[in-house]
Amino acid sequence: MTEDGDGSPGVLDPVSRSAPHAVLTVEPSGVISRLNDAARGLLGASAGRALAAAAPGWLADAHRALEDLVGAGTATASGPIGDRVFEARAVPLHSARGAPVPTAWWLADITERVRLAEDLAAERRRMAFLAEESGWFLGSLNLERCMEAAVRLAARHLAGAALVIAAPSGPTYPVAYCGSDGDPEHEERVIDLAEVPGLAEAMRGLPPPRWIDPSDVPGWVARPEPGVQGAIAVIGLPGQGVPAGVLLLRRRGRPGFSESEETVVRLFARQAGAAMAAARLYGEQASITETLMRDLLPPPAQHLPGIELAARYRPSEDAERVGGDFYDVYPAESGGESLVVLGDVAGKGLEAAVLTGKIRTTLRALLPLAGDHRRVLELVNAALLHDGGTRFATLVLASVRREERRVRVRLTSAGHAPPLIVRGDGPIEEAPTGGSLIGVLDEIVSTTAEVTLWPGDTCLMYTDGITEAFGGPLGDEMFGEERLYAGLAGCGGMLPEALVERVHMLAAEWVRGNRHDDMAIIAITAPRRSERGGS
Amino acid sequence: MTRAPDSLADRLWEAVTSGDEAAAADTAIAALDGGLDIEDLLLDVIAPLQGRIGSEWAANRFSVAREHLATAVNERVISALAHHPAVRERQQARRRPGRVAVACIDGEWHALPARLVTEVLRLRGWHVDYLGAQVPTQHLVSYLHGTGPAVIALSSSIATRLPAAHAAIAACRATGTPVMVGGAAFGPGGRYAARLGADAWAADARAAADRLAEGPPPAPPAVHRQVIDDLPHLADMEYAHVSRTAPDLVRHVLDGLASRFPDMAAYSEQQLHHTAEDVAHIVDFLGAALYVDDPDLFSGFMAWAAGLLAARGVPARSLLPALELLSERLEGRPRAIAMLDRAHTEIRNARNGHGTRPG
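Keeping their order, the protein sequence lines are chains P and A. With my numbering, the residue at position 20 of the first sequence is 20, and numbering never jumps. In short: position in the second sequence from 1, add 535, done, that's my numbering.
Hints listed in this document are in silico derivations from the structure and should not be mistaken for laboratory results. Don't take every hint at face value.
Here chain P is said to cover these stretches of chain A; the calculated rule only asks that three of the stretch's residues, wherever they fall, bring their Cβ under 8 Å from a Cβ of chain P [said to hold, decoys possible]:
1) 592 to 602
2) 675 to 686
3) 706 to 712
4) 731 to 742
5) 828 to 835
Positions of the beta carbon are idealized from the N, C-alpha and C atoms, including for glycine.
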């Protein structure tokens with residue numbers, strides 16, 4: 001390319017001349033000496049002009065920078081010329097050592113390549129955003145948390161500020177807002193949907209997004225946000241069947257989404273809506289379960305006058321809160337006997353729990369007869385047989401009365417392990433009571449034991465989930481009564497909650513994290529001293 | 536921070552360890568009425584007292600029953616203080632928005648540290664849901680979905696519960712709830728907390744309250760993590776092997792001990808059972824050390840166990856054959872072997888096998 005093919009000055013050889021890329025030669029002085037047709041068309045310049053005057057600044061700068069790069073191979077630069085983007089590549093024409101040489105600049109149009117790269121990067125950002133966002137929404141079943149995630153993500157990636165209004169629960173709408181500080185807030189608000197144009201429609205799930213002017217909406221929607229001006233998009237959040245709420249995006253600039261933005265916003269709205277709907281459904285189901293379960297759960301700690309009591313219950317399945325063991329505590333009406341009941345229904349899980357519910361209700365109705373344990377057991381037995389089920393139960397009834405410093409306990413076991421009396425000074429006794437299972441035979445028998453608890457003595461009742469706990473260091477043994485007695489040795493005089501915990505701990509450590517049956521333990525203790533401020 | 540006079544600590548110790556609940560509550564409330572700051576009372580008097588109860592048991596000066604009794608009385612004292620009008624007033628005066636949950640992980644019986652965190656956070660004005668000791672992870676998750684607290688604080692004292700703690704941390708974080716952890720299980724300086732993915736760690740109740748005063752940790756990123764993502768060393772399956780075959784390892788050690796020490800034939804059932812339990816503990820701690828990949832954890836436990844035996848008049852050397860038998864059975868498991876070897880060497884070299892209680 002050092003010779004002019006046709007001899008005319010300033011024109012490149014025929015090959016370069018018609019090359020698809022613009023090519024020009026620049027002298028060390030910075031003057032353009034030759035150009036091909038494409039270069040002439042692109043720059044609108046001819047030979048003899050200074051590069052700095054004929055070409056954009058970035059190319060002139062790149063040429064000046066060449067002086068520092070002598071011998072370092074080719075240099076490249078890129079920048080706009082007109083409305084296109086070019087990559088310029090410099091090729092030194094002589095390699096004479098030290099002497100300044102002319103440089104050929106080849107200019108390639110990379111507009112399309114740059115656009116594709118930008119599109120790809122934007123696409124990747126959107127993918128990353130959608131992946132992050134779906135992760136948030138997949139994890140949570142809490143409405144408030146889903147809404148906070150929605151506004152935080154939207155404010156960061158889709159808008160300057162975002163507001164989510166969930167479908168109402170009662171008279172109020174849950175509202176979450178996140179501004180440019182990235183810190184979401186949550187409130188319950190009474191809203192007149194007519195306050196915000198398009199809100200009522202969006203709340204009914206009517207597409208498409210609608211753009212409104214911030215000056216048309218109340219202050220709680222268009223909150224002052226430094227640097228975020230422009231329109232607000234009102235977007236419905238589709239739920240499962242019924243709309244889950246509305247998303248309001250406060251955007252910089254003019255109203256409207258680009259095509260790719262709209263795709264992302266729509267996907268986001270669908271995921272946020274689905275997550276909110278699922279969370280709401282979960283919340284409603286959980287609250288129904290809670291209500292139905294209330295009667296099946298063990299009662300909260302009960303106080304009996306002049307008597308210390310502690311109880312503990314652990315269902316077999318970690319996932320469940322109820323099972324086939326139960327206890328109840330009925331404080332004495334006035335100075336009479338309090339009744340404590342511990343029971344175990346065959347089977348476990350919810351099905352067993354439902355039967356415990358029936359037995360507990362029956363027992364409650366029979367409270368006025370609690371003075372006669374045999375009679376109560378007969379009636380419960382008849383009720384269970386009448387029910388026609390195949391399940392049976394074991395029960396212990398304990399009628400408890402404080403007499404001066406002593407506590408009198410009448411104990412009747414119906415097919416249940418006899419309660420243990422842990423004396424304050426150490427000895428452990430089995431209460432001499434026994435009787436038939438409930439729900440199997442028409443006629444039942446039972447023996448009632450009368451026990452006196454002196455201060456520091458405890459009457460301990462437990463279900464077979466304790467003694468039949470399976471495991472041990474070798475993983476192949478039942479915990480058994482002997483180990484229970486051994487574990488209680490030296491436990492005389494313990495407070496009832498400590499004793500209950502000890503028994504539970506012995507059994508739980510025996511099973512070593514493996515599956516176990518329902519466990520219930522209850523301890524009735526005669527206080528060692530008169531209670532503070534009490535009787 | 537004002538230090539309570541020693542006499543208060545002594546009087547309270549006297550009342551608590553003799554099981555005199557009324558005297559203990561009276562002493563604590565009198566100190567409160569006398570102007571002692573409630574937070575200082577809880578953390579500088581009652582918390583150390585609980586630590587002392589544990590040490591007395593370890594040194595064989597307290598029976599199990601006495602330890603339980605003292606702990607129960609201590610808990611009742613905390614309850615009595617929590618209901619004191621001055622304490623309630625202070626909780627109300629500092630009321631702040633935001634709900635925090637406090638729970639012990641599944642299988643964790645030591646509720647007192649979590650209880651203290653609960654009371655201190657309440658004093659700092661937080662609404663605290665105290666979920667109690669050994670909460671099954673499933674219950675934690677449904678609670679978090681239902682209630683959505685700003686943060687959940689999980690407590691664990693015993694290192695053998697670390698795998699369960701890890702599962703609980705991951706499950707809580709998967710609901711989008713940040714997790715703060717505390718308790719001796721997480722090692723010196725809380726070294727396992729970050730390894731197990733916790734968002735924050737606190738050395739004690741005061742540190743937990745100070746940390747939360749800066750605002751709850753940010754919600755964890757919604758990336759589903761597998762156990763192996765946090766702990767890549769688990770790929771060697773050594774932990775999985777040891778935990779799965781624990782009963783078999785215990786059996787192997789017991790059989791080996793019986794053939795090495797003919798005297799064992801004369802052991803009572805009770806003695807045999809105790810030996811089996813001790814060996815099972817060693818296997819559990821080896822498992823935990825493999826889980827977090829920290830040989831210190833196992834050595835620390837063995838030193839503590841040696842101290843415990845010494846306090847009961849049993850020479851620490853008696854632990855060595857068990858370690859040897861385990862090494863024999865775990866041949867080809869390099870991490871486990873290295874941990875067993877190191878503990879073996881340390882016990883052999885120790886003159887007086889007293890250690891501090893492990894995590």
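Checked hints:
1. 592 to 602: Holds: 3 residues of the segment 592 to 602 of chain A have a Cβ under 8 Å from chain P.
2. 675 to 686: holds (count 6)
3. 706 to 712: The restraint on the segment 706 to 712 of chain A holds, since 4 of its residues have a Cβ under 8 Å from chain P and three suffice.
4. 731 to 742: violated (count 0)
5. 828 to 835: violated (count 0)
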